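Protein chains in written order, with our numbering: chain H, 1 to 119; chain Z, 1 to 113.
Source of the hints: derived by calculation from the structure; they are not laboratory data. Misleading hints may appear alongside valid ones.
Said to hold, decoys possible - The following residues of chain Z were derived to be distant from chain H, with all beta-carbon distances above 10 Å:
(1) Val12
(2) Gly14
(3) Ser20
(4) Ala31
(5) Val48
(6) Lys53
(7) Ile56
(8) Val60
(9) Ser65
(10) Cys68
(11) Leu88
(12) Ala98
(13) Glu101
(14) Gln102
(15) Pro106
Unchecked claim - Here are the simulated DSSO-like cross-link-like pairs (lysine-lysine), alpha carbons at most 27 Å apart as the crow flies:
(16) Z:Lys41 - H:Lys78
(17) Z:Lys9 - Z:Lys53
(18) Z:Lys38 - Z:Lys9
(19) Z:Lys36 - Z:Lys53
(20) Z:Lys40 - Z:Lys22
(21) H:Lys73 - Z:Lys40
(22) Z:Lys53 - Z:Lys18
(23) Z:Lys22 - Z:Lys53
(24) Z:Lys40 - Z:Lys53
(25) Z:Lys22 - Z:Lys9
(26) Z:Lys40 - H:Lys78
(27) H:Lys73 - Z:Lys19
Given the structure is predicted, the values throughout are model-derived calculations rather than measurements. Cβ coordinates follow ideal geometry from the N, Cα and C atoms, glycine included.
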Amino acid sequence: AQTVTQSQPEMSVQEAETVTLSCTYDTSESDYYLFWYKQPPSRQMILVIRQEAYKQQNATENRFSVNFQKAAKSFSLKISDSQLGDAAMYFCAYRSGEPRGSTLGRLYFGRGTQLTVWP
Amino acid sequence: DTEVTQTPKHLVMGMTNKKSLKCEQHMGHRAMYWYKQKAKKPPELMFVYSYEKLSINESVPSRFSPECPNSSLLNLHLHALQPEDSALYLCASSQGLAVYEQYFGPGTRLTVT
């Protein structure tokens with residue numbers, strides 16, 4: 001089964017600084033998708049960024065970018081110019097690109113990293 | 001429009017009550033999901049519907065009963081719940097099971113007394 005590991009239960013960053021959240025995963029598949037979701041205290045899970053495994057280029061969405069290292073099975077999220085509104089729980093997630101049987105429809109989540117942003 | 005709505009936002013119910021959670025999306029998505037989430041934990045998958053048919057039931061107790069009356073609507077019927085069922089219940093949808101993006105609703109905070 002696919003596993004996703006977030007080794008940092010908590011992180012903190014000063015406003016306007018940069019922070020990197022770590023995620024590693026274990027899979028034998030070659031085709032898959034990776035995601036970072038943000039869940040602020042308002043509770044809604046918001047998709048921050050996605051990465052297709054077949055793409056070598058790292059995904060970027062405004063202040064959010066990833067460092068995707070396929071061989072190392074690493075998928076870290078970099079938040080630049082951190083803002084108070086970035087404070088949230090961040091979940092890394094994996095989805096098979098060739099889903100079948102028990103993997104159809106499944107997102108495999110890490111345990112999350114709680115990010116605090118200090119003014 | 002990438003909106004998934006859920007009602008109610010909060011629900012308090014006794015162990016003998018019957019209540020329902022509702023989820024709605026108008027994005028034309030054909031797969032819908034129920035998740036249970038405890039505080040500071042990742043969401044746990046409960047049920048998956050694809051084209052209005054139940055595709056996955058993660059061995060959820062029968063006191064939780066899902067229903068998908070049409071492609072836009074997903075219900076979760078609750079009966080004889082236990083205090084440990086108190087959690088945030090999240091609904092999500094995606095274009096299909098094999099398509100990768102799931103969009104989540106804001107959740108229903110359930111408290112069982």
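Verification of the hints:
For Val12 of chain Z, the non-interface assignment is confirmed: its Cβ lies about 16 Å from the closest Cβ of chain H, beyond the 10 Å cut-off. Every C-beta of chain H lies more than 10 Å from that of Gly14 of chain Z, the closest at about 23 Å, which supports listing it as non-interface. The Cβ of Ser20 of chain Z lies farther than 10 Å from every Cβ of chain H, with a closest approach of about 19 Å, so its non-interface assignment holds. The beta carbon of Ala31 of chain Z is not kept farther than 10 Å from every beta carbon of chain H, the shortest such distance being approximately 6 Å.
Not every beta carbon of chain H lies more than 10 Å from that of Val48 of chain Z, the smallest distance being close to 4 Å; the non-interface claim is violated. Every Cβ of chain H is farther than 10 Å from the Cβ of Lys53 of chain Z; the closest lies at roughly 12 Å, confirming the non-interface assignment. In this structure Ile56 of chain Z is not separated from chain H by more than 10 Å, as the shortest Cβ-Cβ distance comes to only about 6 Å. The Cβ of Val60 of chain Z lies farther than 10 Å from every Cβ of chain H, with a closest approach of about 15 Å, so its non-interface assignment holds.
Annotated as non-interface, Ser65 of chain Z keeps its C-beta farther than 10 Å from every C-beta of chain H; the closest such distance is 19 Å. Under the 10 Å C-beta cut-off, the non-interface status given to Cys68 of chain Z relative to chain H holds; the minimum distance is some 14 Å. Consistency note on Leu88 of chain Z: stated as away from chain H, yet its beta-carbon is not over 10 Å from all of that chain's, at 6 Å minimum. With a least beta-carbon separation of about 6 Å from chain H, Ala98 of chain Z fails to lie farther than 10 Å from that chain, contradicting its non-interface assignment.
Interface exclusion of Glu101 of chain Z from chain H breaks down, the closest Cβ pair being 7 Å apart, not more than 10 Å. Non-interface status of Gln102 of chain Z relative to chain H is broken: a Cβ of that chain comes within 10 Å, the nearest being about 6 Å off. Non-interface status of Pro106 of chain Z relative to chain H is broken: a Cβ of that chain comes within 10 Å, the nearest being about 4 Å off. Restraint check for Lys41 of chain Z and Lys78 of chain H: satisfied, since their Cα atoms lie roughly 22 Å apart, inside the 27 Å limit.
Between Lys9 of chain Z and Lys53 of chain Z, the direct Cα distance comes to roughly 26 Å. Compliance with the 27 Å bound is thereby established for this hinted pair. Straight-line distance between C-alpha atoms of Lys38 of chain Z and Lys9 of chain Z comes to about 16 Å, which keeps the hinted pair within the 27 Å bound. For the proposed pair Lys36 of chain Z and Lys53 of chain Z, the alpha carbon gap of about 20 Å is at most 27 Å, so the pair holds. Proposed proximity of Lys40 of chain Z and Lys22 of chain Z is supported: the alpha carbons are some 23 Å apart, at most 27 Å.
At roughly 25 Å between alpha-carbon atoms, Lys73 of chain H and Lys40 of chain Z fall within 27 Å of each other, so this suggested pair holds. The hinted pair formed by Lys53 of chain Z and Lys18 of chain Z meets the criterion: a straight-line CA distance of about 23 Å does not exceed 27 Å. Using a Cα cut-off of 27 Å, the hinted pair Lys22 of chain Z and Lys53 of chain Z holds, with the two alpha carbons roughly 17 Å apart. For the given pair, Lys40 of chain Z sits about 31 Å from Lys53 of chain Z by alpha-carbon distance, which is inconsistent with the 27 Å threshold.
For the hint linking Lys22 of chain Z to Lys9 of chain Z, the alpha-carbon distance of about 10 Å falls within 27 Å, and the restraint holds. Between Lys40 of chain Z and Lys78 of chain H, the direct Cα distance comes to roughly 21 Å. Compliance with the 27 Å bound is thereby established for this hinted pair. Between the alpha carbons of Lys73 of chain H and Lys19 of chain Z the distance comes to roughly 43 Å, so the proposed pair goes past 27 Å and is violated.
Checked against the numbered hints above, the structure breaks hints 4, 5, 7, 11, 12, 13, 14, 15, 24, 27 and satisfies the rest.
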